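Asks: Order-wise, the sequence lines are chains A and B. Quick note on numbering: the numbering used here labels position 168 of the first sequence as 1201, and the sequence is numbered without any gaps. Quick note on numbering: the numbering used here labels position 290 of the second sequence as 1323, and the sequence is numbered without any gaps.
The hints are simulated quantities; they were obtained by calculation from the structure and are not laboratory data. Incorrect hints may appear among the rest.
Label-pair distances were calculated between CB atoms; the ranges are [unchecked claim]: (1) B:1341 x A:1196: 56 to 64 Å; (2) A:1391 x B:1358: 22 to 30 Å; (3) B:1059 x A:1393: 29 to 37 Å; (4) A:1110 x B:1385: 27 to 35 Å; (5) B:1059 x A:1322: 54 to 62 Å; (6) A:1221 x B:1358: 30 to 38 Å; (7) B:1059 x A:1096: 42 to 50 Å; (8) B:1341 x A:1060: 33 to 41 Å; (9) B:1272 x A:1320: 56 to 64 Å; (10) B:1323 x A:1216: 45 to 53 Å; (11) A:1187 x B:1221: 48 to 56 Å; (12) A:1221 x B:1221: 50 to 58 Å.
Here are a few chain A residues that face chain B, going by a calculated C-beta distance under 7 Å [to be verified]: (13) 1352; (14) 1355; (15) 1356; (16) 1358; (17) 1378.
Quantities reported herein were computed from a predicted structural model and do not represent experimental measurements. From the three backbone atoms N, C-alpha and C, an ideal C-beta is built for every residue, glycine too.
There are 2 protein chains.
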Amino acid sequence: MTDRHLYAVIMAGGIGSRLWPRSRKATPKQFLDLLGPRTMLQDTVERITPSIPMERVLIVVGQEHTETVRSQVPDLPVDNILVEPGPRGTAPCAGLAAVVLAGRDAEATMAVFPADHRIADAAGFRKAITAADRIAQDGYLVTLGIAPAYPHTGYGYIQRGDLLQGTDAVPAYRVRRFAEKPDAETAQEFVRTGKYYWNGGIFVWKVATILAAIGTHLPKLATELQAVAAAWETPRRGEALASAWSHVPRTTIDYGIMEKAARIAVVPVDIGWDDVGNWATLSRLLEANEQTNVLHGSGRSLLLDTKGSYIYSSGRKLVTTIGLEGFVVIDTPDALLICPKEHAEEVRDIVNRLKEEGLEEYL
Amino acid sequence: MTDRHLYAVIMAGGIGSRLWPRSRKATPKQFLDLLGPRTMLQDTVERITPSIPMERVLIVVGQEHTETVRSQVPDLPVDNILVEPGPRGTAPCAGLAAVVLAGRDAEATMAVFPADHRIADAAGFRKAITAADRIAQDGYLVTLGIAPAYPHTGYGYIQRGDLLQGTDAVPAYRVRRFAEKPDAETAQEFVRTGKYYWNGGIFVWKVATILAAIGTHLPKLATELQAVAAAWETPRRGEALASAWSHVPRTTIDYGIMEKAARIAVVPVDIGWDDVGNWATLSRLLEANEQTNVLHGSGRSLLLDTKGSYIYSSGRKLVTTIGLEGFVVIDTPDALLICPKEHAEEVRDIVNRLKEEGLEEYL
């Protein structure tokens, strides 16, 4: 039923610093069971495999997490783990997957998405990918546009233009422009028009199309990718990749390609998407108990006069609180975080301070 | 210089439940280094030994903490540890010490005080004990009256009556009455008059006087104490004590004796006394850093936008907070407490809930 040339490329290189102290260097966000019994990576794989079989799923990951991917996705063919020598942003990551796929299947189309997002409506997601695949066959770089739930100022927006053909149920539009993170007033205006979508970082394109776009807009990356491609099926693969990655400029798909390219389409979706950005947004996605608190982890808790809070504790640790409202408490064996939910974004500042002060053991 | 018949009796049987989760069954408050490098028991012993040598210091403690007392006060003669079979309140505790001392020294006078109070002015304390000793020789039951720092509603008060002789520098008064914990308005009136003192639970009396008072006001306790005294220097000591303690009614020095007895005196003191009742009062006694926070324990902390808070962490645990003001955070290896300081008294409710729910391992 699905296009047999359609591949999934899961980018599993994120850090998730706002979900510290659970998200750590050794086990970043995408490898954690933040939302349920499975990890976010496992959820991401299981969401797509009804449409795209495991043999056509690729995961791009850093060297230090290769074993984690193998153990979390044991059915994935080993050759489908692409190991990045270091993080260079999403453009080199997607470019690497593109040249590898080009070597396997000249007709390949790839759907690219992060390993650390939540999508409640998995069937809707797959339907949108199928629709985007169809548009991509006409040489479009296609992005999914997330129907904005509210005027979020922390996301980039995509403004749609003219209607393109889509599947019966799923329309598609040309993209008029990408807008960077707006101020509150602008965000409200965006949402009011009904013509703007959140940029969720989910893309579908033919490998030939994206490689051509990289050649045009990121020629330095294109050159390095050619060197990698030439060495891929030789013993020099690792060496070539390391050399290329020491030269490729750090850039993202959005800034490096989508904002510059001409033939861009958007497939609007309303699929319960969330980037699970911080502890406050995570807690909104989870079921609260009668006292409006969300309790997670293997530990115990005893909460007096406490409301609207998210409590995580591990092992047999007992967390007790009195008189808290709207708090986040994350207790791991070696690090504890306490903050009101409205400060959840500033967890990134904690992580930066730890780096500055050389407290590596807590990162 | 000091009366060679004067003994110190330190009551080390408290629980300190409002200082949970550091104060636990195995190591209650008095055995913790809450205020400095030494434990509260060690501070209490060192405060009195310049006046009363170690041979005349007795510590009354429960069976389960005998070894803790030995290790924390290694210079204490073993015979000076009196082991209570179980907690029965302060009256049986003091009564036990009285009959033991009566067997050692017919002229004995005893100064009785808890092991878990802070007294900043140790010299002033010793001077007051010396003055109280002098009054006690005239057959008074003497209590120290703490000059109230503010209209506290959590303490009992002592109203003074006529002036008695004291030492030159330290006056003494007859006690007019003991007042139970007052409401806020009454407490303010008490403090305004200048004739009321906090009841700090520090007493001085001749052994003969207190035993007579017990005989009059707590005849059942007196009978049991006589049986203990008769068996004390025999192999039946433990058995007799256990039997007596299974019968003695639970009561305190204040309710059982002082509020009923006739010849009661008070020696007013202003010695930086504090009962270190809960985490909020404890934190007021400690030096804050430039950010107005008090940091304790061997762990680390990283506090962003956090003020007026008390943070304890053990081991190498890192505690991080964002946007807290006036909080208590106590992180021990198996239990964590978080509350605003104004809820610090309710820590007792946590401990009660743990008991109710049978979570013994955290008590």
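Asks: Each of the hints needs a verdict: does it hold here or not?
Replies: Hints and how they fare:
A hinted range of 56 to 64 Å for the beta carbons of residue 1341 of chain B and residue 1196 of chain A is consistent with their spacing of about 59 Å. For the hinted restraint 22 to 30 Å between residue 1391 of chain A and residue 1358 of chain B, the CB-CB distance of approximately 29 Å keeps it satisfied. In this structure the supplied range 29 to 37 Å holds for residue 1059 of chain B paired with residue 1393 of chain A, their Cβ-Cβ distance being about 35 Å. Checked against the given bound of 27 to 35 Å, the beta carbons of residue 1110 of chain A and residue 1385 of chain B, roughly 58 Å apart, lie outside it.
As the Cβ distance of residue 1059 of chain B to residue 1322 of chain A is approximately 32 Å, the hint placing it in 54 to 62 Å is violated. Judged by the Cβ atoms, the range 30 to 38 Å given for residue 1221 of chain A and residue 1358 of chain B holds: they are separated by roughly 32 Å. Taking the beta carbon of each, residue 1059 of chain B and residue 1096 of chain A are about 46 Å apart, inside 42 to 50 Å as hinted. Separated by about 35 Å at the C-beta atoms, residue 1341 of chain B and residue 1060 of chain A satisfy the suggested range of 33 to 41 Å.
Take residue 1272 of chain B and residue 1320 of chain A: their Cβ atoms lie about 59 Å apart, and the range 56 to 64 Å holds. Between residue 1323 of chain B and residue 1216 of chain A the CB atoms are about 35 Å apart, so this pair departs from the stated range of 45 to 53 Å. A C-beta distance of roughly 52 Å is found between residue 1187 of chain A and residue 1221 of chain B, which places it inside the suggested range of 48 to 56 Å. For residue 1221 of chain A and residue 1221 of chain B, the hinted distance range of 50 to 58 Å is satisfied, since their beta carbons lie about 53 Å from each other.
With a cut of 7 Å, the hint placing residue 1352 of chain A at the interface with chain B holds, because the nearest CB-to-CB distance is about 5 Å. Evaluation of the residue 1355 of chain A hint against chain B yields a held restraint, the C-beta minimum of about 4 Å falling below 7 Å. Hint on residue 1356 of chain A holds. Least Cβ distance to chain B is approximately 4 Å, under the 7 Å limit. Of the supplied interface hints, the one on residue 1358 of chain A is violated, with its beta-carbon coming no nearer than about 10 Å to a beta-carbon of chain B, more than 7 Å.
For residue 1378 of chain A, the interface hint is violated, the least distance from its beta-carbon to any beta-carbon of chain B being 9 Å, above 7 Å.
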